[in-house]
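Quick note, the sequences are listed as chains A and B, same order.
Note that numbering that gives the first Met the number 0 has the first sequence beginning at 0, numbered continuously upward.
Note that numbering that gives the first Met the number 0 has the second sequence beginning at 0, numbered continuously upward.
Any given hint could turn out to be false.
[What the hints assert, rightly or not] Cross-link-like lysine to any residue pairs, in silico, SDA-like; alpha carbons within 25 Å at most:
| no. | chain 1 | residue 1 | chain 2 | residue 2 |
| --- | --- | --- | --- | --- |
| 1 | A | Lys24 | B | Thr100 |
| 2 | B | Lys165 | B | Thr27 |
| 3 | B | Lys10 | B | Thr100 |
| 4 | B | Lys10 | A | Asn148 |
| 5 | B | Lys165 | A | Lys24 |
[As the list claims (entries may be wrong)] Here chain A is said to cover these stretches of chain B; the calculated rule only asks that three of the stretch's residues, wherever they fall, bring their Cβ under 8 Å from a Cβ of chain A:
| no. | stretch |
| --- | --- |
| 6 | 7-13 |
| 7 | 22-35 |
| 8 | 50-59 |
[As the list claims (entries may be wrong)] These stretches of chain B come out as covered by chain A in the derived footprint (C-beta under 8 Å, 3 or more residues):
| no. | stretch |
| --- | --- |
| 9 | 65-77 |
| 10 | 195-203 |
Calculated directly from the structure, the hints in this document are not laboratory data.
Backbone N, C-alpha and C fix where the C-beta goes; we use that ideal spot for every residue, glycine too.
2 protein chains.
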Amino acid sequence: MSTVTEQVIRKFESRASLHADDRAKIATLPFKVRTIDASTYMLREGQRPTRCAFILDGIAYRQKLTTNGEREIVSILMPGEFVDLQNLFLDESDHDIQALTRLTLAEVPIVALRQFVESCPAAGQTMWIDALVEASIHREWLLNIGRRNARSRLAHLLCEFSVRFKTSTLGDAMAYELPMTQEQLGDALGLTPVHVNRVLKSLETDGLIARKKRQVSVIDWPRLRDTAEFNERYLHLGQVRR
Amino acid sequence: MSTVTEQVIRKFESRASLHADDRAKIATLPFKVRTIDASTYMLREGQRPTRCAFILDGIAYRQKLTTNGEREIVSILMPGEFVDLQNLFLDESDHDIQALTRLTLAEVPIVALRQFVESCPAAGQTMWIDALVEASIHREWLLNIGRRNARSRLAHLLCEFSVRFKTSTLGDAMAYELPMTQEQLGDALGLTPVHVNRVLKSLETDGLIARKKRQVSVIDWPRLRDTAEFNERYLHLGQVRR
DNA sequence: CGGCCTGTTGAAACTGTTCAATTTGTGTGG
DNA sequence: CCACACAAATTGAACAGTTTCAACAGGCCG
């Protein structure tokens with residue numbers, strides 16, 4: 000059982016080393032822990048948030064909607080990530096943020112966080128790296144949706160989950176509880192749920208993955224990685240402050 | 000005719016107000032102006048750049064490739080933008096950057112720029128805003144490619160060009176020289192050049208746009224905007240430092 | 001003039017969608 | 001513990017949007 004402060008410190012230290020007084024400053028940040036149910040909205044497009052959330056447990060996602068209500072999930076947010084980095088410097092949200100699972104958050108006023116970041120270069124650089132990595136994931140998803148067929152796309156998302164789950168210690172990388180419905184998978188991949196279902200089945204009958212309910216296990220990582228053309232470079236996993 | 004320093008200062012002042020000594024610092028940054036031909040690579044995936052470029056004139060783009068050589072253009076870069084923001088904090092590039100047109104650049108060593116940004120909060124915030132806006136554009140493109148049909152997609156890109164050209168004073172917003180071939184448009188939209196051709200033709204015969212060679216003019220902005228579902232919020236145009 | 005890149009057009013093929021029905025799983029209340 | 005309700009998963013068949021392949025036209029440059 001670790002405190003909020005410890006988790007936030009661990010987050011920053013994963014990318015840059017902190018001074019003792021930086022840690023002390025983090026301890027004084029007025030985090031408020033809150034738990035929300037799955038599918039609760041944390042933020043809606045057009046809103047002007049005043050607080051910034053750090054995910055302690057659970058998964059969230061960013062989505063955008065077309066005018067006729069079709070949805071695109073543009074980002075998946077895991078424990079140990081700040082969900083509102085862009086709201087540190089942009090007034091108006093350009094997308095919705097919604098809880099995928101039940102979620103435990105540590106919230107802090109934006110002004111307090113911004114002051115801290117400005118007073119602590121190491122923290123600022125961690126924030127920079129995180130924001131840039133998310134943009135890099137956006138770019139990989141653009142390639143995925145724009146230029147790969149449904150099978151590769153889905154395999155790619157499964158590979159990304161596997162790697163990101165491992166690094167955020169959400170579970171075994173090779174056998175994890177798939178947190179999304181097939182409809183949500185489709186919305187993340189620009190596919191219909193029907194087609195997601197068929198492709199999942201085909202990946203299973205071809206022996207790349209196994210499924211039991213929502214539990215997905217990677218059976219043949221090399222072949223899954225190859226059909227996905229998965230290369231984890233875009234996740235910048237080892238990136239620390241230079 | 001304005002100097003490099005003046006253009007960079009104007010860039011920063013569009014998002015935050017600078018002190019006199021900030022401007023003085025900018026003047027001491029060792030920018031080197033360079034011109035490169037269209038389709039020259041500025042950076043390749045996997046490289047570790049040491050310099051950061053500011054676009055003085057011309058257009059560039061970011062691309063990613065699949066293993067069998069298919070391309071996705073994930074971002075368009077206009078005059079007045081820093082092209083290597085992510086390389087300020089990420090060691091290894093996750094994509095290629097290529098000149099779309101002939102390009103005039105002002106290059107500066109990354110270390111110098113990073114030092115400057117750290118010593119000048121207003122500049123740092125401008126960089127933050129720019130990086131976050133680019134991520135926002137990525138998200139809109141994900142929605143565009145993932146959930147809209149070819150006609151809306153193309154209309155959306157034309158609307159975005161129109162607005163961004165206007166703000167970067169590259170030409171009349173309603174009649175501009177389309178800087179991309181139909182193949183490049185397809186690569187930005189996840190479409191084949193053949194289909195781009197057909198959709199452009201259909202937009203023209205329906206009276207939404209007119210074409211003369213590469214010159215595109217918007218004939219019916221309201222209808223173009225509606226078929227694109229274009230809402231410029233995601234560009235965060237008025238965003239200045241809070 | 002010749003070569004090459006870009007744009008244009010047609011016809012066939014295919015990937016993924018749509019619609020609709022059925023099954024499975026899960027939680028709730030009696 | 002069973003019955004019911006509801007969300008999610010599954011399957012089939014017809015359909016649509018986009019791709020593929022192939023051929024040709026136009027314009028620009030050496």
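Verification of the hints:
At roughly 48 Å between alpha-carbon atoms, lysine 24 of chain A and threonine 100 of chain B are farther apart than 25 Å, so this suggested pair is violated. Restraint check for lysine 165 of chain B and threonine 27 of chain B: the C-alpha separation of about 30 Å exceeds 25 Å, so the hint is violated. The straight-line distance between the Cα atoms of lysine 10 of chain B and threonine 100 of chain B is roughly 21 Å, inside the 25 Å bound, and the hint therefore holds. For a cut-off of 25 Å, the pair hint linking lysine 10 of chain B to asparagine 148 of chain A is broken: about 40 Å separates their Cα positions.
As the CA atoms of lysine 165 of chain B and lysine 24 of chain A are separated by approximately 44 Å, the hinted pair breaks the 25 Å bound. Against chain A, the stretch 7-13 of chain B contributes 0 residues with a C-beta closer than 8 Å to a partner C-beta. That does not satisfy the three-residue criterion, and the hint is violated. Restraint check on the stretch 22-35 of chain B versus chain A: 0 residues with Cβ-Cβ distances below 8 Å, three needed, restraint violated. With 0 residues having a Cβ less than 8 Å from any Cβ of chain A, the stretch 50-59 of chain B misses the three-residue criterion, and the hint is violated.
Counting residues of the stretch 65-77 of chain B whose beta-carbon sits less than 8 Å from any beta-carbon of chain A gives 7, enough to reach three: the coverage restraint holds. Check result for the stretch 195-203 of chain B against chain A: violated, 0 residues qualifying (beta carbon to beta carbon below 8 Å, three or more required).
Hint compliance for this structure: hints 1, 2, 4, 5, 6, 7, 8 and 10 are not met, and every other hint is.
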